[in-house]
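Protein chains: 2
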Amino acid sequence: MPSSTVAFVGLGSMGAGMVRCVARRGFAVRPHDVRSEPVQAFAEETGSVVCTSAAEAADGASAALVIVLTADQAADVVFGSDGLVGRLPQGAPVVCMSTMSPGRARVLADQAASHGLRWIDAPVSGGTVRAAEGTLTTMVGAEPADLEAVRPLLESFSRDVFHLGPVGAGSTAKLVNQVLVYSNLAATAEAVTLCRKLGVDLQTIYDVIRTAVGTSAIFEMRVPKIIDGSYASGGSMRIALKDLGIVEETARELALPMPMAAQATQLFRAAAASGGLDGDDLAIARLMEQLAGL
Amino acid sequence: MPSSTVAFVGLGSMGAGMVRCVARRGFAVRPHDVRSEPVQAFAEETGSVVCTSAAEAADGASAALVIVLTADQAADVVFGSDGLVGRLPQGAPVVCMSTMSPGRARVLADQAASHGLRWIDAPVSGGTVRAAEGTLTTMVGAEPADLEAVRPLLESFSRDVFHLGPVGAGSTAKLVNQVLVYSNLAATAEAVTLCRKLGVDLQTIYDVIRTAVGTSAIFEMRVPKIIDGSYASGGSMRIALKDLGIVEETARELALPMPMAAQATQLFRAAAASGGLDGDDLAIARLMEQLAGL
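Going line by line, the protein sequences match chains A and B. Here my numbering is used: the first residue of the first sequence is 1, the next is one more, and so on. Here my numbering is used: the first residue of the second sequence is 1, the next is one more, and so on.
It is possible that some hints are incorrect.
[Unchecked claim] Straight-line C-alpha distance at most 30 Å; calculated DSBU-like pairs for lysine-lysine:
no. : chain 1 : residue 1 : chain 2 : residue 2
1   : A       : Lys225    : A       : Lys197
2   : B       : Lys242    : A       : Lys197
3   : A       : Lys225    : A       : Lys242
4   : A       : Lys242    : B       : Lys197
5   : B       : Lys242    : B       : Lys225
6   : B       : Lys197    : B       : Lys225
It should be emphasised that the hints constitute simulated quantities derived from the structure, not laboratory data. It should be emphasised that the depicted structure is a prediction, and the values quoted were computed from it without experimental measurement.
Please model the entire structure based on the sequences and the hints provided.
Printed below as a string of structure tokens:
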């Protein structure tokens with residue numbers, strides 16, 4: 001890194017943990033989020049400045065990290081009137097960790113290049129707990145030299161940093177992961193409901209399945225939050241619908257049949273309709289129980 | 001165990017490994033299968049007798065283990081004209097490890113009781129490799145005393161023996177597991193196809209997903225067999241269709257919507273139609289690739 005000051009835009013459920021990992025690693029962070037509370041909380045905790053725009057976050061920074069919800073938001077953060085572009089030095093790396101289609105990542109990278117910025121396509125996986133611990137999986141699509149320039153930043157919040165190829169390859173890996181996450185989650189909700197309908201204790205079934213071939217990371221992360229009755233896993237329904245929408249769009253562009261992801265998508269939409277967009281993605285389990293009359 | 005001689009019926013892909021675990025633990029095994037080859041191979045290897053019927057296997061045995069494909073086959077092995085019943089001593093335990101609906105397990109247990117036999121509902125999970133190693137997950141529905149009577153037998157091929165409740169509870173756990181196994185496998189096939197369609201190296205994606213939230217036991221067991229081009233996982237398409245059929249039947253009886261399992265079922269049927277019933281369940285991955293024009 002040419003210097004140790006970095007802009008960090010997006011202190012949501014994932015970003016809030018990650019920005020603290022970056023700060024703990026000794027980087028001077030200039031944080032920004034459209035909501036002021038998480039930025040204030042971070043500033044009070046770490047003594048950082050408070051930036052009221054992405055442009056302000058970029059002042060004096062040699063690199064930028066962006067983890068906002070959508071590709072449109074990322075484009076606005078970087079290229080908008082109050083964006084990073086123009087404030088970052090020529091050749092500065094922009095690490096974009098928002099989930100988007102590989103095609104969209106390439107479009108943004110081309111646009112960044114036309115402004116003299118280097119684009120690192122770097123979505124993450126692991127959930128909010130691993131984000132806070134700094135043990136995420138980070139999936140990078142970038143030129144090798146561009147990845148090396150930001151590796152210490154990425155390692156501050158990652159257990160594993162994978163280089164998958166050029167820009168777009170990181171987003172591809174993330175999409176493949178999300179197909180599995182949400183299909184496995186919909187199947188988990190359904191399996192749990194079957195178990196309850198048949199009257200067998202869910203905690204015991206959980207202990208069994210964890211040692212059997214039916215287990216998955218999602219099963220092991222989510223089922224305890226069904227057993228404890230909270231249905232509060234930290235997974236966001238808004239993100240589930242958004243990511244499944246990207247999968248749907250990508251499949252349509254490729255004319256690729258994706259029957260399991262399509263079924264999961266319909267179920268998450270139904271769960272959002274009853275549980276709300278602002279809720280937990282475990283609303284899918286409540287939906288299945290309602291459908292079962294439980 | 002009152003004595004150390006046991007009947008073992010069903011030396012298929014799972015049973016062939018399990019019967020060897022039982023013999024290694026010092027039990028005198030009386031093996032039977034409708035196909036003579038696996039019985040001959042086992043007898044040559046261990047010096048056991050060769051039994052040409054279930055009835056013959058039961059002669060002098062104090063317990064019986066049955067792992068055949070279907071509930072109908074299990075009923076025939078136990079209660080048929082050449083079956084175990086009548087040859088086993090009164091009060092002998094019959095361990096039935098075939099996957100079936102919980103309701104069917106209870107019917108067979110009642111029938112066994114009317115003949116003075118004790119029924120242990122004990123399906124297993126883990127696949128052929130763990131069957132051969134003796135590290136299966138065994139899910140037991142039985143009276144506690146009946147489980148204790150056969151525990152040394154079960155432990156000979158199990159890493160974990162779980163007691164889930166009365167007869168039917170073991171089959172419930174197995175069904176819940178199979179919903180997850182085949183839904184996760186269909187999703188894995190779809191995710192792999194998306195990855196290939198987008199041109200990212202599957203080995204690299206595999207390494208990434210294993211550390212990310214999308215991973216599952218099925219993903220980790222099956223994807224290496226797609227990468228190596230063999231599509232030979234040891235998973236049986238016949239068993240996939242049979243188990244998904246039991247899920248479908250159970251869901252129908254409960255009037256329970258199971259949209260993910262239903263979608264997976266349709267896909268496995270399509271895969272069987274092109275790949276054959278006698279093939280590997282990874283034909284689902286070939287199917288998805290064909291549908292994608294790969």
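Evaluated hints:
Taking the CA atoms of A/Lys225 and A/Lys197, the gap is about 18 Å. The hint holds against a cut of 30 Å. Taken as a hint, the B/Lys242 and A/Lys197 pair is honoured in the structure, with Cα atoms around 21 Å apart against an allowance of 30 Å. In summary, the hint linking A/Lys225 to A/Lys242 is supported, as the alpha carbons are separated by about 22 Å, within the 30 Å threshold. The suggested pairing of A/Lys242 with B/Lys197 holds, with an alpha-carbon distance near 21 Å, which does not exceed 30 Å.
Proximity of B/Lys242 to B/Lys225 is assessed by CA-CA distance (about 23 Å); at most 30 Å being required, the pair is judged to hold. As the CA atoms of B/Lys197 and B/Lys225 are separated by approximately 18 Å, the hinted pair is consistent with the 30 Å bound.
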